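Participant: Sequence:
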Amino acid sequence: MPTDFDLYDYLLIGHGLAGAVLARELRGRGHRVLVYDEPRPDTASRVAAGLMNPVAGKRFALTWRALDTLPYAVAYYQDLGHELGADFLVETPILKVFGSAQEQQQMVARAAAEPWAGFVAAIETEPIEQAGLLAPHGGAWLRGGGYVRVAELLAALAQQGRAEGWLREETFQWEALVGDAAGAAYAPGHLRARQVVCCQGAAALDCPYFAWLPLTPNQGEVLNVEVPGLTAAQALNRGAYVVPDGPG
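Each residue of the sequence shown is one higher than the one before, counting from -6 in my numbering.
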């Protein structure tokens, strides 16, 4: 193997949310990082709503380690916004719409106890009258969450990566990766790396190293709709999510 290859500590494949955040953390800790990414508009991160929801599901289960992870996530994305000169995090109340009287009763019973009490700002047991909203059983107003403008964040980080030279926007050829005791070499990119990390999400099934994993891609649908009169000062949740994408 040629000895004049560029040497990196980490080679990351994929620049969705996972790859972008990992690359930032590694670079912040002094590691030499190179990221390969084939930019596509339909990847999960680029179409994701980016919702941070403390309570999920019909049984109103608290998000795993919500007390630890949500405050950290808020601070992290605020710092990213300051670094890149844009606001990517929108802290907003989430209205969990009740689908039945039983759901309402379950939430009322839980809301007074910790840790739910820390995330439930108010419960409305009467029908909620809002333009564009049908909520005959009321709903619960959740705090501590919000959403991240993921596509804008990734675009800003990609611009930084192109300018600083740590992002290559091209297809990575897994079959050309050759591993050895010191790490791995990638001849098409004229580079070596001590560690290689796959951050491709469900696309990892196309990678020969991970094709054996029992992964099942979870395909959903994202619709952009305009609802006259529906306020943009909240996110909505009842089975699906409604997240603002503009001033109103």
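It should be emphasised that the hints constitute simulated quantities derived from the structure, not laboratory data.
Small disclaimer: the values here were computed from a predicted structure and weren't measured.
Note that CB positions come from ideal geometry on N, CA and C, so glycine has one too.
Any given hint could be a false lead.
Cβ-Cβ distance ranges computed for the label pairs, FRET-style [said to hold, decoys possible]: (1) Phe203 <-> Pro129: 43 to 49 Å; (2) Arg25 <-> Ser93: 51 to 57 Å; (3) Leu60 <-> Ala204: 19 to 25 Å.
Participant: So, for every hint listed, does it hold in this structure?
Facilitator: Now the hints, each set against the structure:
1. Phe203 <-> Pro129: 43 to 49 Å: Roughly 47 Å apart at Cβ, these two residues keep to the hinted range, so it holds.
2. Arg25 <-> Ser93: 51 to 57 Å: Taking Cβ atoms as reference, Arg25 and Ser93 lie about 55 Å apart, which means the hint holds.
3. Leu60 <-> Ala204: 19 to 25 Å: violated (37 Å)
The structure fails to meet hint 3 from the earlier list, while all remaining hints are met.
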